[in-house]
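Fit chain Y with the ligands to the known structure of chain A by using the hints.
Chain order of the listed sequences is A and Y.
Quick note, in my numbering, the first sequence goes up one by one and the last residue is 75.
Quick note, in my numbering, the second sequence goes up one by one and the last residue is 728.
Rather than coming from a laboratory, the hints here were simulated on the basis of the structure.
Every residue, glycine too, gets a C-beta built ideally from N, C-alpha and C.
Wrong hints could be hidden among the right ones.
[To be verified] Restricting the straight-line Cα-Cα distance to at most 20 Å, the calculated cross-link-like pairs of lysine to any residue (SDA-like) are:
#, chain 1, residue 1, chain 2, residue 2
1, A, Lys11, Y, Asp284
2, A, Lys11, Y, Asn288
3, Y, Lys272, A, Gln37
4, Y, Lys608, Y, Ser595
5, A, Lys42, Y, Glu256
6, Y, Lys296, A, Glu41
7, A, Lys11, Y, Lys428
8, A, Lys42, Y, Leu291
9, Y, Lys130, Y, Ile271
10, A, Lys47, Y, Val496
11, A, Lys7, Y, Leu291
12, Y, Lys56, Y, Ala166
13, A, Lys34, Y, Val496
14, Y, Lys272, A, Ile13
15, Y, Lys392, A, Pro45
16, A, Lys34, Y, Gly265
17, A, Lys34, Y, Lys56
18, A, Lys47, Y, Leu293
19, A, Lys34, Y, Lys179
20, A, Lys42, Y, His395
21, A, Lys34, Y, Asp262
22, Y, Lys392, A, Gln37
23, Y, Lys272, A, Asn56
24, A, Lys47, Y, Ile304
25, Y, Lys245, A, Gly19
26, A, Lys34, Y, Leu248
27, A, Lys47, Y, Ile397
28, Y, Lys428, A, Ser67
29, Y, Lys392, A, Ile13
30, A, Lys47, Y, Gly265
31, Y, Lys151, Y, Lys179
32, A, Lys42, Y, Leu293
33, A, Lys42, Y, Asp284
34, A, Lys7, Y, Arg287
35, A, Lys42, Y, Glu498
36, Y, Lys428, A, Gly21
37, Y, Lys392, A, Leu46
[To be verified] Over 10 Å on every C-beta distance to chain Y, these chain A residues come out as not near it, computed from the model:
#, residue
38, Ser4
39, Lys7
40, Glu10
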Amino acid sequence: MLLSEMKEGEKGIIVRIAGSGALRRRILEMGMVKGSQIYIEKYAPLKDPLELIVKNYHISLRVEEASQITVEKSE
Amino acid sequence: MTDKKTITIALAGNPNSGKTTIFNNITGSRQKIGNWPGVTVEKKEGLISKFGYDLKIVDLPGTYSLTPYSIEEIVARNFVLEESPDVVIDIIDSSNLERSLYLATQLREIDGKVLFVLNMADVARSHGTKIDAEKLSSLLDVPVIFTVGNKNEGMDDLLKEAIKLAESSPVKKEKRNVKYSKDIESAIVRIGDLIEDKVKDNIHYNFRWTAIKLLEDDKIVKERFALKAGNAGSDIIDEVQSLRKNLLNLYDEDTEIIMTDDRYGFISGIIKEVQTISPKRRVDISRNIDLVLTNKFIGFPIFIFFIWAMFQLTFTVGAYPMDLIDNGVNLLSSGFERFLPESIFKDLLVNGIIAGVGSVIIFLPNILILFFCIALFEDTGYMARAAFLMDKIMHLIGLHGKSFIPMLMGFGCNVPAIMAARTLESEKDRILTILITPFMSCSAKLPVYIVLAGTFFAAKAGNVIFSLYLLGIILSIISGRLFRLTLLKGADAPFVMELPPYRVPMLKSLTIHMWDRSKMFLKKMGKIILVGSIIVWFLSSFPRNINYSEDYTSILNNINESFKEKFISADENEKILLNEQKLAAIAGIENKMNSEKIEKSFMGKIGKGLSPVFKPLGIDWRGSVSLLTGVFAKEIVVSTLGVLYSTEKSNDKAALANALRSSGMTPLSALSMMVFVLLYLPCLATITTIKKETGSFKWTFFSITYSTVIAWMMSFCLYQGGKLLGFA
Ligand SMILES: Nc1nc2c(ncn2[C@@H]2O[C@H](COP(=O)(O)OP(=O)(O)OP(=O)(O)O)[C@@H](O)[C@H]2O)c(=O)[nH]1
Ligand SMILES: [Mg+2]
Numbered sequence: 001m002l003l004s005e006m007k008e009g010e011k012g013i014i015v016r017i018a019g020s021g022a023l024r025r026r027i028l029e030m031g032m033v034k035g036s037q038i039y040i041e042k043y044a045p046l047k048d049p050l051e052l053i054v055k056n057y058h059i060s061l062r063v064e065e066a067s068q069i070t071v072e073k074s075e
Numbered sequence: 001m002t003d004k005k006t007i008t009i010a011l012a013g014n015p016n017s018g019k020t021t022i023f024n025n026i027t028g029s030r031q032k033i034g035n036w037p038g039v040t041v042e043k044k045e046g047l048i049s050k051f052g053y054d055l056k057i058v059d060l061p062g063t064y065s066l067t068p069y070s071i072e073e074i075v076a077r078n079f080v081l082e083e084s085p086d087v088v089i090d091i092i093d094s095s096n097l098e099r100s101l102y103l104a105t106q107l108r109e110i111d112g113k114v115l116f117v118l119n120m121a122d123v124a125r126s127h128g129t130k131i132d133a134e135k136l137s138s139l140l141d142v143p144v145i146f147t148v149g150n151k152n153e154g155m156d157d158l159l160k161e162a163i164k165l166a167e168s169s170p171v172k173k174e175k176r177n178v179k180y181s182k183d184i185e186s187a188i189v190r191i192g193d194l195i196e197d198k199v200k201d202n203i204h205y206n207f208r209w210t211a212i213k214l215l216e217d218d219k220i221v222k223e224r225f226a227l228k229a230g231n232a233g234s235d236i237i238d239e240v241q242s243l244r245k246n247l248l249n250l251y252d253e254d255t256e257i258i259m260t261d262d263r264y265g266f267i268s269g270i271i272k273e274v275q276t277i278s279p280k281r282r283v284d285i286s287r288n289i290d291l292v293l294t295n296k297f298i299g300f301p302i303f304i305f306f307i308w309a310m311f312q313l314t315f316t317v318g319a320y321p322m323d324l325i326d327n328g329v330n331l332l333s334s335g336f337e338r339f340l341p342e343s344i345f346k347d348l349l350v351n352g353i354i355a356g357v358g359s360v361i362i363f364l365p366n367i368l369i370l371f372f373c374i375a376l377f378e379d380t381g382y383m384a385r386a387a388f389l390m391d392k393i394m395h396l397i398g399l400h401g402k403s404f405i406p407m408l409m410g411f412g413c414n415v416p417a418i419m420a421a422r423t424l425e426s427e428k429d430r431i432l433t434i435l436i437t438p439f440m441s442c443s444a445k446l447p448v449y450i451v452l453a454g455t456f457f458a459a460k461a462g463n464v465i466f467s468l469y470l471l472g473i474i475l476s477i478i479s480g481r482l483f484r485l486t487l488l489k490g491a492d493a494p495f496v497m498e499l500p501p502y503r504v505p506m507l508k509s510l511t512i513h514m515w516d517r518s519k520m521f522l523k524k525m526g527k528i529i530l531v532g533s534i535i536v537w538f539l540s541s542f543p544r545n546i547n548y549s550e551d552y553t554s555i556l557n558n559i560n561e562s563f564k565e566k567f568i569s570a571d572e573n574e575k576i577l578l579n580e581q582k583l584a585a586i587a588g589i590e591n592k593m594n595s596e597k598i599e600k601s602f603m604g605k606i607g608k609g610l611s612p613v614f615k616p617l618g619i620d621w622r623g624s625v626s627l628l629t630g631v632f633a634k635e636i637v638v639s640t641l642g643v644l645y646s647t648e649k650s651n652d653k654a655a656l657a658n659a660l661r662s663s664g665m666t667p668l669s670a671l672s673m674m675v676f677v678l679l680y681l682p683c684l685a686t687i688t689t690i691k692k693e694t695g696s697f698k699w700t701f702f703s704i705t706y707s708t709v710i711a712w713m714m715s716f717c718l719y720q721g722g723k724l725l726g727f728a
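Excised from the complex, chain A in its bound form (with noise of 0.2 Å):
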């Protein structure tokens, strides 16, 4: 399923990240790898953006680029 589908509070491991360019590039060098466990933290009030956790930190993404990352939901 598409990382912007999970709700707050799932889990799940990174599978692929699709889309070109910096932002994929940057996304990739701040450690969402695949394989990577991600946790969804929340989303912000009006929905978007969303706050995930990977590696242990915090990070924010628009759910718009949150669709472009294909996860593996885990429990």
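Below, chain Y with the ligands alone, put in the same frame as chain A:
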């Protein structure tokens, strides 16, 4: 001195890892610190002598990787790669080791000497994270030390280790390099060999590193390589391209992506060996705070409350010390008035300098409180959340969440705010933010509002000032939208931002910040405002011999004579009454005479020249002149008013208010003037910054013209509309 050796030490690292904190500790400087990524946007240098060496310490902006994304990151990368510092210290946030090691491994790939500093050791400890520094050091063959920046722990160790490293003979770090996937590794070797064979003499970086960067398609390295390596170089670049194509076919993925994966793979291997996290569950205070502050329902109300509280504090609490300073200024002024003999020097001192500087200096408390609140947002980590909360709204209007940070800082001062726009990755977002930030009403405009609104709106002054701020915000939003649709077309850049944990602000850093602000403000008083006041006084006091429209001297004599006669036939009680009448009559004439004197002065002539422009806005010549002088610094608007209206023999706030009221200014024209001050062209310092940051006369000129035209139109509509509706 001269025989001492100078060692250049660069402080690099991820954003918000504590580089500037450590820089300040070591060099004793007071560069800005804040708990959000992207505080430092320029490199800063400091020189110290310690342990028998001259050390040049360089603080760099934070960066996540050596492939930069925004301009402040380019600054950091260029310094590390091109100025070849003797030692690069990588300041690592220990509580964020895994991600930090990404840059660390890249720094290790270049040839220089690298030292790892595990900062925020306290945070890691409190999370139950243990890092085996010795193991890390031996695995990567890099010295590693621990520090706690905000407690000033480990600074000497850090310097000693850096010096030791600088003095050591260069060693090849053969130990553990990132091992890339097999086919990539062989491509790296192939290109490295080619470089060594063909263009060895032209390239001064490590060949392996250059090969890696070329394979990663790093634009900047590629350009430089092409420039330096000449013809043989372009053959190599062609070869790189075909290798990249092959690799793309092989992995079905861009090479740089595979390489990033590989690096993180390598890093996770190291993490397994050096880091242990105790499984005990801990309360993460920061996370809990954030659950409240960015809560679905109360996040926005709290946010609005904070902004409201900031202004509330600024105005209400600021009013108390303001009265104190005001009294001090009055005391000074009346002291001089009484004890100095009548002379042109006294006139300059009392009606020029004290009236001018005194009318602005009383606002020091308000301005300090405002800056204190902004510093609090920055130091606690709330600033990043403000961007997080606001991103959706900003996005809808074509702006970027991160633009909100410069905008909020703009309430303090536009100069650092415009520079803070550097963290925006897209050039268009950045220019857009620079163009709209001046509409955020800065603290220097505050005195103007307080004086005018306080005089003409009394109890409603607070609401009036609040509406002005709101008008500024609304216009910046509308302008942003407009520019996005016309001049700076295109979508805004993606929003990817680290949200740091909340931290207790360092009292020391807050007080230093306040202290520096006060010093800056007082310096401004001592320089530009002082000089401005003197010039304004001069222009308004000369020429000295004026052809008055009436013979004031004989009028005064007549009054004296007539009262003398009345006195003769009056009893004691009547005498007191008569005396009062006499004084009032004299004061009235003197005021009239003074007004005429100023009107016929140089200043009056300038003002009259400007009046066709400002008359439709309901602003008289005195207002026009003060707006003109306000271009140097916005506070001067008030000090000029102070000088021009200091016709009454007293300089306190009340006197200026009285003079303003009796000058024919109405609430409507005061409002019109405030709107104009809010919007018209920014001060000189801001204009210079806009020029520096956009690097373009065109944008600078545009910004000046746009804001002034908008200001004029808004004031015009307001004043003429108000008049039509019957407000005077
Ligand atoms: N708990 C803790 N906080 C620290 C430590 N060192 C720095 N800080 C805090 O971390 C925050 C960031 O510090 P800065 O020095 O501004 O970080 P920087 O690396 O210069 O950040 P950028 O300029 O944005 O790249 C500030 O709030 C500091 O007070 C530390 O060792 N422990
Ligand atoms: Mg910094």
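Legend entry - Hints breached by this structure: 5, 7, 17, 22, 28, 29, 30 and 31
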